[in-house]
Every structure is written in C-alpha cells, then in structure tokens.
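Novice: Going down the list, the protein sequences come from chains S and Y.
Here the numbering used here is used: position 199 in the first sequence is 199, and no number is missing along the way.
Here the numbering used here is used: position 265 in the second sequence is 265, and no number is missing along the way.
Source of the hints: derived by calculation from the structure; they are not laboratory data.
Check before you lean on any hint, since a few could be wrong.
Claimed, not checked - List time: in silico DSSO-like cross-link candidates among lysine-lysine, alpha-carbon distance up to 27 Å:
| id | chain 1 | residue 1 | chain 2 | residue 2 |
| --- | --- | --- | --- | --- |
| 1 | S | 185 | Y | 99 |
| 2 | S | 185 | S | 247 |
| 3 | Y | 254 | S | 247 |
| 4 | Y | 254 | S | 17 |
| 5 | S | 247 | S | 235 |
Stated by the list, open to error - Computed from the model, here is a short list of chain S residues facing chain Y with C-beta under 8 Å:
| id | residue |
| --- | --- |
| 6 | 174 |
| 7 | 228 |
| 8 | 230 |
| 9 | 232 |
| 10 | 237 |
| 11 | 242 |
| 12 | 245 |
Even for Gly, the Cβ is constructed at its ideal location relative to N, Cα and C.
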Amino acid sequence: MGGPAISVRDLFVTFGKGADAVRAVRGVSFDVAEGESFGLVGESGSGKSTVLRALAGLNRDWTGAASIAGLDVATRDARLPRIAQMVFQDPYASLHPRHTVDRVLSEPLEIHGIAEVDRRVTQALEDVGLGPAFRFRYPNQLSGGQRQRVAIARALMLQPRVLLLDEPTSALDVSVQAEILNLLKRLRATQRLTMILVSHNLAVVAHMCDRLAVMSRGIVVEEMDVATLRREEPKVPYTRQLLLASKGYDRAVAARMTNED
Amino acid sequence: MSALLEVEDLRVTFQTPTGPFRAVRGVSFALGRERLGIVGESGSGKSLTGRAIMRLLPANARLEAKRLAFDGVDLLTASSRTLRGIRGARISLVLQDPKYSLNPVMTVGEQIAEAARIHGGIGAAAARRKALEMIAAVRIRDPERVYRLYPHEVSGGMGQRIMIAMMLVPEPDLLIADEPTSALDVTVQMQVLAILDDLVRERGMGLIFISHDLDLVASFCDRVLVMYAGRVVEQVAARDLASATHPYTQGLLKSLPRIGDDRAELPTLSRDPAWLEG
Numbered sequence: 001m002g003g004p005a006i007s008v009r010d011l012f013v014t015f016g017k018g019a020d021a022v023r024a025v026r027g028v029s030f031d032v033a034e035g036e037s038f039g040l041v042g043e044s045g046s047g048k049s050t051v052l053r054a055l056a057g058l059n060r061d062w063t064g065a066a067s068i069a070g071l072d073v074a075t076r077d078a079r080l081p082r083i084a085q086m087v088f089q090d091p092y093a094s095l096h097p098r099h100t101v102d103r104v105l106s107e108p109l110e111i112h113g114i115a116e117v118d119r120r121v122t123q124a125l126e127d128v129g130l131g132p133a134f135r136f137r138y139p140n141q142l143s144g145g146q147r148q149r150v151a152i153a154r155a156l157m158l159q160p161r162v163l164l165l166d167e168p169t170s171a172l173d174v175s176v177q178a179e180i181l182n183l184l185k186r187l188r189a190t191q192r193l194t195m196i197l198v199s200h201n202l203a204v205v206a207h208m209c210d211r212l213a214v215m216s217r218g219i220v221v222e223e224m225d226v227a228t229l230r231r232e233e234p235k236v237p238y239t240r241q242l243l244l245a246s247k248g249y250d251r252a253v254a255a256r257m258t259n260e261d
Numbered sequence: 001m002s003a004l005l006e007v008e009d010l011r012v013t014f015q016t017p018t019g020p021f022r023a024v025r026g027v028s029f030a031l032g033r034e035r036l037g038i039v040g041e042s043g044s045g046k047s048l049t050g051r052a053i054m055r056l057l058p059a060n061a062r063l064e065a066k067r068l069a070f071d072g073v074d075l076l077t078a079s080s081r082t083l084r085g086i087r088g089a090r091i092s093l094v095l096q097d098p099k100y101s102l103n104p105v106m107t108v109g110e111q112i113a114e115a116a117r118i119h120g121g122i123g124a125a126a127a128r129r130k131a132l133e134m135i136a137a138v139r140i141r142d143p144e145r146v147y148r149l150y151p152h153e154v155s156g157g158m159g160q161r162i163m164i165a166m167m168l169v170p171e172p173d174l175l176i177a178d179e180p181t182s183a184l185d186v187t188v189q190m191q192v193l194a195i196l197d198d199l200v201r202e203r204g205m206g207l208i209f210i211s212h213d214l215d216l217v218a219s220f221c222d223r224v225l226v227m228y229a230g231r232v233v234e235q236v237a238a239r240d241l242a243s244a245t246h247p248y249t250q251g252l253l254k255s256l257p258r259i260g261d262d263r264a265e266l267p268t269l270s271r272d273p274a275w276l277e278g
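When you get a sec, could you build the whole thing from the sequences and use the hints?
Specialist: Okay, here's the thing in structure tokens:
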C-alpha cells in the first residue's frame, strides 16, 4: 500500500503534424489510489479515451510522465501487461470472430508462460458468470452482454491489479448494462482492483466510481469526489451543463446550451 | 382530430432457413400531430416498425397489416409512383449515423439542395437558397462555408444536423427519427431535439421518435409505446412513464443507474416468457 497506484503528470498527446496537428490531450494530471475507482468523463473528442490508451501502452506517442504501480509506462516494462489490462467499448469489435472463447482466454496465459491453463480458463468463465458451456463457442454464438463478459474475463486472465475500462457498457442495452456494471463492481471487490472508467455517462460514473475528472477539449476542467456529483454541485459551468443535459430534454435548458463547432 | 397515420395489426416476418421469424407481431397505433416515442431494446422491432411505415424493408421481409394509412392513403396498396411521391416529400426518415447516410462524394450543401429540388420542384438557385436557410435553421454557424464541405469534413454532431436539415427541407408532414441523437454528445443532442420540438409545435409536424433511451423519450415525447419482442407491451403518456405498470417497462427503468442513487447493485431484468404474449 501507500503511494498512488496510477499517476499521470502533464500528459500531452498530439496526433498529426504541422498545421493538421490535433492536440488531443493538453497537460492532464491526476492520481488514482490503490483500490480506488476513478472516472474520466467527457464528450467525444475530449481526450478521455486517448488518456486511457496512453496508459494501456496502446499509444506510445506522448509526452509527460505516467506510471502504474511505480512502473514508468513509457519504458514498456514487460511487467505492465500483468499489472494493467484494458476492456474496450464494443465487444463486437474487440473479440476475434474466428477464435473460440477458449482461445481468447488461453492466449494471454500462453504468451506470459503461465501454467494451469485449463483450470484458469474455467475459473475465469465462472468469475464473469458464464458457465463452462461457453468455453468452446465463437463470438457470433454469444449475445452482446456475453461477449463483454468474455472481454472482461480476458482482461482478468493475468490477474491484473488495474483495470482500464473504455465505455464498457455504452454498446449494450440498459438491462445488460446493469448486469455488466454489477459484475465489474463485484470483481473490483473480490479481486481488489483499481479501476479507471472512461464514460460519457455521468450516471454510470456516479454508480461506479469514488472520484472523477471531467475532461473537455483535452484538459481536465474539474476533479471531484462522487458525493459532490451526487449532490449535483459541480463548480465549473461545463460540468453543470453536462449534468443538466444528462437529465433529459428541457426546451429552456437546450436554449442555453453552448457549443463550439 | 383525424389521424395522420393509422397502423393496425402491423406484422413483419422474415423467412429464415429455420422457419419464419416474426420480428414485428401485431403493432397498432394512431398518430396525430404529436411526438410519439417508441422505446425498446435491440431486437424489439422498433426500427422495423419505423421502416415498415415507409415501406422500406429488406426483400426477404413480408409486411402485413389490417390497415396502414398515411393521411388517408393506403400505403399497403399504393403504387410505387404514389410511394415515391410520399417518401421524402411527406414522410421523412432520419437514421442514427450520418456517416453512413450522407453521400461521401457530394458536398453537404448540394445534398440538401438536391432534396429541395426533387421534392419541392424548385430551380437550382432557389434550392440553394432553401438549403442555406435550412442549414442555418439547424443552428449551424456560417452556412455558406458548411455548404461547401464534404461529409468527412464535418463532425458527427454537425453531420446529424445536416441529415435533419435534408429531411426537413421538403417540409414533411411526418418525420420518423430512428435514434437520431444516439451518436451525439448530450449538449448537441439537446440542440437537435429543440429543433425537432419547434418543428412539431410551429409547423404541426408529426414525429415518431425511436429510441432505446427511456429518460430521453419520457422528457421529450408526448406519448410512448414500449416494445418488447415485436409487440407493444405498454402505451403510456410520456410524463407518466415513471409510473408505467408493465413489469418490462418497470424493469428497464429500475436497471438504469441514476446520479443521485446509492444502490450497491442494480436490479437486473428477469424476462418472463408471458411478456411475449402480454
């Protein structure tokens, strides 16, 4: 214990060069404590997923400092994949269509030379609420919710301490969303996971996280604990607008909305 | 008030190798100049219901209904010519994703002007003026500049507003909007809804708003149909959606996380086979 599980300092990410350069993330800093669930909220283009992809090592073209469990993310330390794993938004896109569930779940073990593949795959399926009957199925034989359970199981195969979740339920129906959110909560408690949850949905973040940062146009405009969000007391006008808009349609509110494009 | 649209016992069936699949099973409703929401989860038949009204179904789908009439015209027996006169001009359809609905090799302004020319029977110069007016009406700044842009040069939110401008330029009597704002950020979503809201109020347009988002439909529409497995299981005034009685509707509402709530677990939906018939 002690020290943040995840630390991000002055993170800058730029896509493209010269006049076409897009500064997607412009100086983001935050800490996530061990065992904490941290939300990154924002609209499309705010840079929230870009921050997560940099942490997961999927984008190496960034400046600043980022560490997970004391390991510098920039060094591509081989221990990092065993510490932090990612779950993606669309389970229709993130699972190989011609690999069975068994192969999807065994692969990380084989890559990292971990024994007892059989037992671990069975256990992982059980942990995410899928029975052994699912082991030799292909993704097209699974519903969206079942696919996302497989994607979560895959992320847990290496017994990571950190789970990076990129909109894990926004491609799912609400009744299935509830099942996946419950599963993630349960896994967080039983496996003592630290989580970063990227979402555009304030209610999902309020339900899942202890603390959150609101991003807009590449910067963090506000950081708060979830109690502040639940009391609906954000300080920044942008967050207040987001909060109002998330409560459904209101003609008067819509008239006051500001946007830039 | 005579209904703008009458739908009685609408059925859509697909022939599959394992036998017929009944995707829409006996949907009935009447629509006036109002905002009608159709909500349901994926596979509930809500989108097919919208497309069936336009007679835009895949070739392997069979459409049946006791009555399907728009402004007195029987859509089931209407000729292709009659249908072409109705589609686009009097009934418009807005789909979810502008990326797949706009022509990638034509500027967005030309596409809107084309709609004005074909459905409004006006000349090129008048169509261009009308397109620019409509671009401004959907709250896009600098319509002259945006007119010249290609679809890949506009953001998703702007693309969707352009789609809506194109669908509204012929001044339809009925707009069917299938998840028109699901791909948009909440703030843009609010603005797009305000545009649709004004059109219903000011021009007396009828609107069918198809969505999976119960809260949004409850706050935006006048009346809501809840669909499950191809049937309407409940019909309720939008403001009373929270007190809806069907266990499916109740289950969906309860399964939504809320900003102010501190429930440790969300109740999940256990589907009762009886819902398929009731």
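Novice: For each hint, tell me whether it holds in the structure or not.
Specialist: Checked hints:
Restraint check for residue 185 of chain S and residue 99 of chain Y: the C-alpha separation of about 35 Å exceeds 27 Å, so the hint is violated. Annotation: proposed proximity of residue 185 of chain S to residue 247 of chain S holds, straight-line Cα distance about 24 Å (limit 27 Å). The hinted pair formed by residue 254 of chain Y and residue 247 of chain S meets the criterion: a straight-line CA distance of about 16 Å does not exceed 27 Å. The hinted pair formed by residue 254 of chain Y and residue 17 of chain S fails the criterion: a straight-line CA distance of about 48 Å is larger than 27 Å.
At roughly 18 Å between alpha-carbon atoms, residue 247 of chain S and residue 235 of chain S fall within 27 Å of each other, so this suggested pair holds. Of the supplied interface hints, the one on residue 174 of chain S holds, with its beta-carbon coming within about 5 Å of a beta-carbon of chain Y, less than 8 Å. Among the interface hints, the one on residue 228 of chain S is violated; its C-beta lies about 11 Å from the nearest C-beta in chain Y, farther than the 8 Å criterion. The restraint placing residue 230 of chain S at the interface with chain Y holds, with a minimum CB-CB distance near 5 Å, inside the 8 Å limit.
The interface hint given for residue 232 of chain S is met, as the beta carbon of that residue sits about 7 Å from the closest beta carbon of chain Y, less than 8 Å. The restraint placing residue 237 of chain S at the interface with chain Y is violated, with a minimum CB-CB distance near 12 Å, outside the 8 Å limit. With 8 Å as the threshold, the beta carbon of residue 242 of chain S comes within range of chain Y, its nearest partner Cβ sitting at about 6 Å, so the hint holds. Nearest Cβ of chain Y to the Cβ of residue 245 of chain S: about 4 Å, under the 8 Å cut. The hint holds.
Of the numbered hints listed earlier, those contradicted by the structure are 1, 4, 7 and 10.
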